[in-house]
Each structure stands twice: as C-alpha cells, then as structure tokens.
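There are 2 protein chains.
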Amino acid sequence: MAKIAPLSGFPEFLPSQRIVEQQVLDTVRSVFELHGFASIEVRAVEPLEHLLRKGEIDKEVYVISRLQAANDGSADSEGATPGRWGLHFDLTVPFARYVLQNAGQLDFPFRRYQIQKAWRGERPQEGRYREFTQADIDIVGRDTLGFHHEVEVALVMSEVLTALPIPPAVIKVNNRKLAEGFFRGVGASDPEAALRALDKLDKVGAEQVARLLVSEAGLASEAAERCLRLAQISGDDEIVVERVRDLGVQHPLLDQGLDELSAVVAGANERRPGVLVADLKIARGLDYYTGTVFETELQGFESLGSICSGGRYDSLASDGKVTYPGVGLSLGVSRLLVPLLAAGYITSSRSVPSCVVVGVADEAERHASEQVAASLRARGISCEVAPSAAKFGKQIRHADRRGIPFVWFIGADGAHSVKDIRSGDQTAADPATWNPPPDDLHPRVTRADGASTTDRTSAPNKEGTS
Amino acid sequence: MAKIAPLSGFPEFLPSQRIVEQQVLDTVRSVFELHGFASIEVRAVEPLEHLLRKGEIDKEVYVISRLQAANDGSADSEGATPGRWGLHFDLTVPFARYVLQNAGQLDFPFRRYQIQKAWRGERPQEGRYREFTQADIDIVGRDTLGFHHEVEVALVMSEVLTALPIPPAVIKVNNRKLAEGFFRGVGASDPEAALRALDKLDKVGAEQVARLLVSEAGLASEAAERCLRLAQISGDDEIVVERVRDLGVQHPLLDQGLDELSAVVAGANERRPGVLVADLKIARGLDYYTGTVFETELQGFESLGSICSGGRYDSLASDGKVTYPGVGLSLGVSRLLVPLLAAGYITSSRSVPSCVVVGVADEAERHASEQVAASLRARGISCEVAPSAAKFGKQIRHADRRGIPFVWFIGADGAHSVKDIRSGDQTAADPATWNPPPDDLHPRVTRADGASTTDRTSAPNKEGTS
Numbered sequence: 001m002a003k004i005a006p007l008s009g010f011p012e013f014l015p016s017q018r019i020v021e022q023q024v025l026d027t028v029r030s031v032f033e034l035h036g037f038a039s040i041e042v043r044a045v046e047p048l049e050h051l052l053r054k055g056e057i058d059k060e061v062y063v064i065s066r067l068q069a070a071n072d073g074s075a076d077s078e079g080a081t082p083g084r085w086g087l088h089f090d091l092t093v094p095f096a097r098y099v100l101q102n103a104g105q106l107d108f109p110f111r112r113y114q115i116q117k118a119w120r121g122e123r124p125q126e127g128r129y130r131e132f133t134q135a136d137i138d139i140v141g142r143d144t145l146g147f148h149h150e151v152e153v154a155l156v157m158s159e160v161l162t163a164l165p166i167p168p169a170v171i172k173v174n175n176r177k178l179a180e181g182f183f184r185g186v187g188a189s190d191p192e193a194a195l196r197a198l199d200k201l202d203k204v205g206a207e208q209v210a211r212l213l214v215s216e217a218g219l220a221s222e223a224a225e226r227c228l229r230l231a232q233i234s235g236d237d238e239i240v241v242e243r244v245r246d247l248g249v250q251h252p253l254l255d256q257g258l259d260e261l262s263a264v265v266a267g268a269n270e271r272r273p274g275v276l277v278a279d280l281k282i283a284r285g286l287d288y289y290t291g292t293v294f295e296t297e298l299q300g301f302e303s304l305g306s307i308c309s310g311g312r313y314d315s316l317a318s319d320g321k322v323t324y325p326g327v328g329l330s331l332g333v334s335r336l337l338v339p340l341l342a343a344g345y346i347t348s349s350r351s352v353p354s355c356v357v358v359g360v361a362d363e364a365e366r367h368a369s370e371q372v373a374a375s376l377r378a379r380g381i382s383c384e385v386a387p388s389a390a391k392f393g394k395q396i397r398h399a400d401r402r403g404i405p406f407v408w409f410i411g412a413d414g415a416h417s418v419k420d421i422r423s424g425d426q427t428a429a430d431p432a433t434w435n436p437p438p439d440d441l442h443p444r445v446t447r448a449d450g451a452s453t454t455d456r457t458s459a460p461n462k463e464g465t466s
Numbered sequence: 001m002a003k004i005a006p007l008s009g010f011p012e013f014l015p016s017q018r019i020v021e022q023q024v025l026d027t028v029r030s031v032f033e034l035h036g037f038a039s040i041e042v043r044a045v046e047p048l049e050h051l052l053r054k055g056e057i058d059k060e061v062y063v064i065s066r067l068q069a070a071n072d073g074s075a076d077s078e079g080a081t082p083g084r085w086g087l088h089f090d091l092t093v094p095f096a097r098y099v100l101q102n103a104g105q106l107d108f109p110f111r112r113y114q115i116q117k118a119w120r121g122e123r124p125q126e127g128r129y130r131e132f133t134q135a136d137i138d139i140v141g142r143d144t145l146g147f148h149h150e151v152e153v154a155l156v157m158s159e160v161l162t163a164l165p166i167p168p169a170v171i172k173v174n175n176r177k178l179a180e181g182f183f184r185g186v187g188a189s190d191p192e193a194a195l196r197a198l199d200k201l202d203k204v205g206a207e208q209v210a211r212l213l214v215s216e217a218g219l220a221s222e223a224a225e226r227c228l229r230l231a232q233i234s235g236d237d238e239i240v241v242e243r244v245r246d247l248g249v250q251h252p253l254l255d256q257g258l259d260e261l262s263a264v265v266a267g268a269n270e271r272r273p274g275v276l277v278a279d280l281k282i283a284r285g286l287d288y289y290t291g292t293v294f295e296t297e298l299q300g301f302e303s304l305g306s307i308c309s310g311g312r313y314d315s316l317a318s319d320g321k322v323t324y325p326g327v328g329l330s331l332g333v334s335r336l337l338v339p340l341l342a343a344g345y346i347t348s349s350r351s352v353p354s355c356v357v358v359g360v361a362d363e364a365e366r367h368a369s370e371q372v373a374a375s376l377r378a379r380g381i382s383c384e385v386a387p388s389a390a391k392f393g394k395q396i397r398h399a400d401r402r403g404i405p406f407v408w409f410i411g412a413d414g415a416h417s418v419k420d421i422r423s424g425d426q427t428a429a430d431p432a433t434w435n436p437p438p439d440d441l442h443p444r445v446t447r448a449d450g451a452s453t454t455d456r457t458s459a460p461n462k463e464g465t466s
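In the order they appear, the protein sequences are chains A and B. For what it's worth, my numbering labels the leading residue of the first sequence as 1, then goes sequentially. For what it's worth, my numbering labels the leading residue of the second sequence as 1, then goes sequentially.
Same shape as in the complex, but just chain A (with noise of 0.2 angstroms):
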C-alpha cells in the first residue's frame, strides 16, 4: 500500500498531542460549568436552507448525500434526499434551531455550552480548517435578556484563556449600534456596506477601504476620512469616548453604542482587571450580531485572526410570535491548538495515561502483576501490564518511549519495588499503599515558558473574591 498523506484542513493529532487537547478541553468545560453552563450537542446536519439564511456562506457547506439514493433511485421517507443536507459550519446555526426546536422544554435565559465539531469546504491556511472544533458558551433569554450577561460572557471566556496554557490573549470589543450610528452620522447611504468594508481594514489597507467606503457605501471622501480614524480608536477606559466624540459625529445609535461599549468595558474591567480593550476596527464581518461584537488576539500568533469571537444579537431566534435574544462567544479550539502543537508549544510529559508499567517477570506469573494494577488502579492510578514477559531493560524502554515514569518489579522472592525510570532511584512498595508524586499521576501539560498545568479536571479560578 502507498504511504499515506494526511488529508489537508482535516488535523489529526497523534497521541501525545492530544492528551494536550483533552487537558484544553478539561479545563474549558470545567469552567463553563463552575459557570452554570449547561452542555449541549446538536447533530452534524442541518436542512441546507436552514444553512444557507445567513447568505455568502453557501460555497463553503459540505452538503451529504447517500451513496446508494443515486444508484437505487430511492426517495427517503425522512426527507434525507441527496442534496438537501448540509454538515454545520458552525455551533450557532444549529444551536439556534436547538432553541426553537425545544423551546417548550427549555428554561430561559438559558445558559448553554457546546463543544463540537463544524465544518467549512473552504481553503486550508494555517489557522483555518475544514474540520475544525469549537467551543461556544451563549446565554438566550426569551423576548429579553439583561445586558450584564454581555459582561458576564466575556469574563466567563477570559477566566478560561487565563487558565489555559496559551500566550497572553486579549479580547477586544466594540459596539454594531456605535458603528452603525457612525455611519449614518457621517451619511452613509448603506451602513452595512461601511461595515463591510472597514472588516477588511487589515486585509487590503486605509486606502482600498477609504475608496470602498466612497464607492459602496455612498460616503463623502472627508466622511470615509473620519470613519477611518474611528476604526483607530482603541483602550480601555473613557479616553475612547471622548476621542469618538472629538470626531464630531452625532446620532442617537452611535449614543447609545457608546454607552453599551463603555458599561461593558468599564463592567468587564472592574472584576478582572485588563480583560476588555475597546478596538473600534472590530466589525465581525457579516455576522448578525446587533450590539456588542468580541474578537480576541493570540499575543506573538496575531496572524491566527481572531481565537475567540461573538456578540449580541438581538435575534438569535424567533418562532414568529416569540423571540430569542442572545449574547455568546466562540472559542476556536483547533485554530488555537493546531498551530501551538505543531509548533511545540505545548507538550505533554507522556503519550498515555499510564503511571506505571507494572513488570512481568514470567508469563506464567503474569497473573501476579495483574493482581498489582488492579490494586493500584482500584485507587485512581492509571497503569498497564508489560505487554510480554521480556527482559527488565526492554520493560523499561516500553515505559521510556511512552514517558511513563514508574515500573513496578516483583522479584523471584516475590519482593515488590518501583522504579521511578527518570532518576533510577528503585524502593521497595506495597501495591495497596504506593502513590506517584501527585505531580506524576497524570501527563503533565507544559508550555514553552516552563509553566505547567498539571491539575486536568478543575481550572483554577482566578477571580478570586476580592
């Protein structure tokens, strides 16, 4: 057989880097839920009409058909016929349709999370994929939904970017109402185009954008001229009202945009210090998002995009009689981790969840060192059994390779010890009391820097109560 290729916008990890993954996600979940986040996971496939609402997406949805309902001519009696089903290409979509799907059975506001895989047929580059997993947290409430729940979803994603072994991030936000008012203060006959057209400020230059706010959204050069020193407005305290006021623009929207982003900085920036900067450049595209946007940036992999993004909308859903509004935000686990693993910036200690290999001297004894992993599994220490009863120095390479610190041995006396392989120190232990340095129970998750996670099911909170 050819060697085979690994498939490109497809990741695999193998698996030392994914005990890394599973850590990430670990510490992920238990912080949505020390935040009351209640799990939930949608199927992979949505009605292609339901896929498509949003507009310019569609070349990028992988449509699934089955194989046989060309060959057998079959119409399928659950409306699955070829070309009428498409994967998610994200977790809102179809989270959106969960709410109104199940609205009777839920409770609002309704605090979820969601860690799934979605699915774009686009081109791969570093950070983007065609097989990707997120990690999203929304608060819904029906028909409304407090505005303190904008403040609370972005301390609840800081918390977790702050426990997780990653470079510094930071997440911006700005305000759509702010934006949209600017526009409309300055005169744009087509807001959403300005909007459009500023989303590709780092892309294509001030220039291209000023000739686009011109051309497509209907601006006077001195108005696009303005527009462009507002998407240059950043920080984090009252400095970026005023400095938007200075620009001489007025309109009720852009009032009440500004009030949204500073009671979100300023309420952000209370309980944890640092967490929000105002970036007025921040657009998020053509997303539906009707107040506060995020996007977050990955300190020394800026060129990742945005690793973490969301926002308000006013209408995540609605039934026609009832609707739902929301606020949530987005973390891109694989264009995080992807990039970060290859480049070796996080490593694991090991490539398995073993501990120790427990040492089999004698097949015919292999019983007895079964009898020792049972033991010590039986108080949470992950272990495994010499595959083969072969000599000491090839038992110990089998844990070597795989980073396992400890071999158990059982003497021809019957005489129990552990090895710790790093060291060579070997003492005697008793199968029903031994335990490993607590550092040592499970693979330890470290980054470049030297700091180290070893704690994988509960992240540390670093709120604190002050």
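Wrong hints could be hidden among the right ones.
One copy or two, either will do: identical chains are not told apart, so a pair holds if it fits within one copy or between any two.
[Said to hold, decoys possible] When the alpha-carbon atoms are kept at most 25 angstroms apart in a straight line, the in silico SDA-like pairs for lysine to any residue are as follows: (1) Lys394 to Gly141; (2) Lys394 to Phe147; (3) Lys117 to Gly127; (4) Lys117 to Glu131; (5) Lys281 to Glu216; (6) Lys117 to Asp26; (7) Lys3 to Asp90; (8) Lys3 to Leu106; (9) Lys3 to Lys321; (10) Lys3 to Leu48; (11) Lys200 to Leu247; (12) Lys281 to Gly218; (13) Lys117 to Arg97; (14) Lys117 to Glu60; (15) Lys117 to Leu7; (16) Lys3 to Arg53; (17) Lys394 to Asn102; (18) Lys3 to Asn102; (19) Lys117 to Asn102; (20) Lys3 to Val42; (21) Lys3 to Glu49; (22) Lys172 to Ala266; (23) Lys172 to His251; (24) Lys117 to Asp90; (25) Lys281 to Gly127; (26) Lys117 to Arg29.
Hints were generated in silico from the structure; no laboratory data involved. All figures in this text were calculated on a predicted structure; none of them were measured in a lab.
Using the hints, position chain B against chain A.
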C-alpha cells in the same frame, strides 16, 4: 416559522439527558485511562475507496461534496472533489488508516480508545441511528500481539459496563476458528456462507438457516443439523467444550478455536467471575475477525441487539511489509443511551451543572452577588447569579425549575444565608467556607431501580485485589 420536528435517526438530547450522557462518557473514559488506553480522535471523513473496502456496507455511506463544487466546476487541489469522500461508518476503519499513516510515530503494542460519532445512511429504528456515538478500545501490535490481550479487552469493557447506570449486561464470546473448523469438518464447501447463514438465526429461525446451510454452504442436511446444534451451545465452563466434542466433528482449526475459546472464558472468569459466557451462535456477520468474537446483550433490552461488540483481527491493517494484528471492543453509546433515556430508565437530578443560584436583591447590588459566586467557584462549587432582581419567589422558582438545590440570599442588612429549596431550611452561611453536601455538588444520575452514581469523574473499580 413552522414547528421544527426532530430529524429521524439523528438523536439529540435535552440538557438533563445530556448530563447523563456526559457522566456515562466520563466513566467510560476514566476506566479506559485507568487501564492505560490513550485517546485519539480521527477526522470525520475517509476516502470513499477506503470506506468501501469492506464490501456490503457501501449503501450506508454518506458521501460529502462541496455545495459550490458543482457550480464553480473547481477541481480541488486536496483531492476533495465531489463524491470522493465519505463520513466514516465506524471507528475501526479510520483507526486502521491512522495506524498505517502514523506507524513510525506510534509505540506498539498501541493501546488506544476513541469516543466519537459515526454515520450510516441506513433506515433508523430503535437502537440504530444515522448518527451515533461509539466508544472503542483496541490493542494493536506490530507483527505479533499476545493472546492475553483478548482477555484484557473483555475485562476492561466489563468494568465499564458494571460502572455504568445501566441494566446488567452479559458479554458473550465465540471464536471464528472454532466455527470455520466446524463447518469445514462437516464438509462445508463455503464456510463463509455457513457463517453468514448462522448469523441470521435470530432473524429467520432454524428452519430457514438449515435451508441456507444446504443451498449456500453446500452442506448435507445432516451436517446442517449439526451446525444448528453447535449454535445452541452456550455456557461459562468446560462443559461447552465437551458438548462441541460430543457432536463428533474433527478439524485442526476446530481444536485451535476450542482451545482459544476456553482460554478466554477461563482467563476472564478467573478475574471477574461470570463476566464471559461462551455462546456458539455469535457470528459477527461479515466483519473481518479471525479469532475471538464478542457480543453483549443488555438484560431486559435484548431487542436492542448487541450493545458492545468486537473481537480479534490478525490483520487490522497492513502496509504490505508489516502487519498489525489487533483486538478490540466497541461500545454503542447511542444504542445504549437513547432508548434508556427515552424510557426514563436513567435520569439526572438537574438540567444544569449549577449547585447554587445566588440571588440578587437589587440590580444595583449585583456586584455583591457576583462576589459570592466567585468565592463559591474558587472552591469548585458551580453556581449562577440570578438573571434579574426579581421577587425572591421567582428566584427560587428559577432554581426549582432547573433542579438546582440551593439559593443564596444577601439580606438588606448584608447577612448571608443559604436555603435548601427542597426542605425549605435556611441557614446563615459564609461564601468563603460554605459547602453543599457532597451528593449535591454535581448533578446526581439515578437509574430506575434507585441506584445512583454521584462521582462524575472516576468510576468505581470493581475488580479489587483479591
């Protein structure tokens, strides 16, 4: 918008059901990791020709294509042209590809577990879905793999099944060599056809199977009769071997198969009495097993079919030079949970992780409630702050509807108290030291007979050290 109906064959859970699934998956993972199995995840898609290699499965495969590929006529540089990729229908086929692709970076024997979704375009029915979650373990060797691993995987899965909040399950075992040797011994011209015929025993009955054994496998009717008597043999001791011998069939493969079957049954039952029962009608259809085969029946839910199946394959994968033998078992998580949850057999005490709702007396005092919540979270207590400063009765109902046991109050005098809304008891409490009873810390999953599992991260080890 019209009422949204669920999609047949794509089960989704409500939040309280999802909590049950999460605890089940946590237990499964915990047992697998205690036994040193490393997690991997594979991409959802495989080349179609790889998926179809097994034969008759082809009509069940979902093919994916980019929606725009047909429109823009673009050839895809990564080869993902329409119709060439399908969603995997199990976890074994992609795992075999993963082993070959990464063989140089894996250590053998490679012990891996995999908890993922798979997709089949088949007609949905109870226990069979178009999207479903499986939890697999496999041990894969390079060139060789010790026989004791066949006992090991059965013991690990038995430990999982015992730890889960499900009805008792019996793992049944047979051996392909035994069956093939027997068929050859009675003169079958096509032992594969005989196996296929016997696999239909439960569906079509003995009379029809006898006819198939004559017409398809080339057996005389007396020989077909002996095959049917073989299929009736079951038990967990040496009498099984005697009863096969009593049928008077001779073949070297039969001898080998009988030896292996007794060794697996005796080896497993020595460590966990009653865990394995030999059942000579187990065939595992067209799967590519070459020795031991397993199926598992859930008592009281036999109609679901096997909830945990697997066996030994002498060649899980091969690159032409190196062959990778393996043995594994696959637990059908959806097949197990969807019917049990629908039947109300397993329930969760709440629909959210929150143990406490921190009340808000006045929107201006929300900050005080946030501080209480932060203090509780810092000690691992999941909580949420009331969404609005509603009347206390409404805040209690917010907790009650979600099954949250405690509501925290801050009085007008600044005094803190916590109310158990089940008993109505309200006591003074300090956010820095108060703890809920351990049973209330996490949602409690209970099965219909009243047994409960409260420890969500580690499964009991029933094996002990005896």
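Have a look at Lys394 and Asn102 and pick one of within, between, both or neither, based on CA distance no larger than 25 angstroms.
-> Answer is between: at 22 angstroms across copies they meet the 25 angstroms cutoff, but 57 angstroms inside does not.
Measure nothing new, just compare the shortest in-copy and cross-copy C-alpha distances for Lys3 and Asn102 to 25 angstroms and report within, between, both or neither.
-> between (47 angstroms within a copy, 10 angstroms between copies)
Intra- versus inter-copy proximity for Glu49 and Lys3 (alpha-carbon distance at most 25 angstroms) = Answer is between: at 15 angstroms across copies they meet the 25 angstroms cutoff, but 40 angstroms inside does not.
Homomeric proximity label, Lys117 with Arg29: Cα distance no greater than 25 angstroms | Both: 15 angstroms inside a chain and 19 angstroms across chains, each within 25 angstroms.
Which holds for Lys3 with Leu106 at a C-alpha limit of 25 angstroms: within a copy, between copies, both or neither?
-> between (50 angstroms within a copy, 16 angstroms between copies)
Is it within, between, both or neither when you check Lys117 against Asp90 at 25 angstroms Cα-Cα?
-> both (8 angstroms within a copy, 17 angstroms between copies)
Have a look at Lys172 and His251 and pick one of within, between, both or neither, based on CA distance no larger than 25 angstroms.
-> within (24 angstroms within a copy, 74 angstroms between copies)
For Lys117 vs Arg97, is the C-alpha pair at or below 25 angstroms within one copy, between two copies, both, or neither?
-> both (17 angstroms within a copy, 21 angstroms between copies)
Give the relationship of Lys3 and Val42 under a CA distance limit of 25 angstroms: within one copy only, between copies only, both, or neither.
-> Result: close only across copies, 18 angstroms inter versus 35 angstroms intra.
Given identical chains, is Lys281 near Gly218, meaning Cα to Cα at most 25 angstroms, within a copy, between copies, both, or neither?
-> within (19 angstroms within a copy, 77 angstroms between copies)
Between Lys281 and Gly127, at a C-alpha cutoff of 25 angstroms, which is it: within one copy, between copies, both, or neither?
-> So Lys281 and Gly127 pass the 25 angstroms test inside one copy only (21 angstroms; across, 51 angstroms).
Is it within, between, both, or neither for Lys3 and Lys321, if the alpha carbons may be no more than 25 angstroms apart?
-> Between copies only: 12 angstroms across chains, 57 angstroms inside a chain, cut-off 25 angstroms.
The earlier numbered hints are all upheld by this structure, with none contradicted.
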